[in-house]
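Protein sequences, first through last, are from chains A and B. Oh and the first sequence: position 110 is 110 in this note's numbering, straight run, nothing missing. Oh and the second sequence: position 81 is 81 in this note's numbering, straight run, nothing missing.
You may find that some hints are simply not true.
Keeping only pairs whose Cα atoms sit at most 30 angstroms apart, straight-line, the calculated DSSO-like set for lysine-lysine is [claimed, not checked]:
#1 LYS57/B to LYS5/A
#2 LYS54/A to LYS109/A
#3 LYS56/A to LYS109/A
#4 LYS57/B to LYS71/B
#5 LYS9/B to LYS70/B
#6 LYS109/A to LYS71/A
#7 LYS109/A to LYS9/B
#8 LYS57/B to LYS71/A
#9 LYS5/A to LYS71/A
No wet-lab data here; the hints were simulated from the structure. Because the structure is a prediction, the values reported are computed rather than measured.
Chain by chain, the residues run as shown.
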Amino acid sequence: DQQVKQNSPSLSVQEGRISILNCDYTNSMFDYFLWYKKYPAEGPTFLISISSIKDKNEDGRFTVFLNKSAKHLSLHIVPSQPGDSAVYFCAATYSGAGSYQLTFGKGTKLSVIP
Amino acid sequence: NAGVTQTPKFRVLKTGQSMTLLCAQDMNHEYMYWYRQDPGMGLRLIHYSVGEGTTAKGEVPDGYNVSRLKKQNFLLGLESAAPSQTSVYFCASSYLQESRNQPQHFGDGTRLSIL
């Protein structure tokens, strides 16, 4: 049973517009969420995170929104740039995980068109 | 600063052969992890370590063994490789959980093909 779901395998956006990547989770124990970005032939790199005590976290062009009641989070990129083209993974964890284990979604491939 | 380094980057094995993947980190992280990523799938945790000399099973541990003899190194072993183990393997490391805002840092992966 997939606990973290990214239902859109791919997304295409024009340069300068907003990119919205979505993530749903089923495990109500999750209390910390992260987004990772991955370029081909490289490892994932941390992008932004949010704790369940917040509903929004912002870092430059990247904003993550958390809706706990809907078990849904989203990553907004404004404005989108061609260098943002990558695969984005949503990940989640909870305090009881003990070792900070992450559960990942399958990823969404973002293509930003110049 | 190298961060997390994985060796080798590519490898082709025959079914039944054994090999060891090496992960080294220079950030003095306590926690280390091994993941595999398959096409259309997210990263799945194989094994992890919360400190030198300790290891534990993750989501998909079967067919793999690990060792953490030194804090900076985490080895992943395949004793008898199977085609189902064809994958891209990622190593990661992080600080103790008390530093919850410290994310996992990943290496660039090892692409392993089992024929």
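Numbered hints the structure breaks, given as an ascending list:
The structure conflicts with no hint, since it agrees with every one listed earlier.
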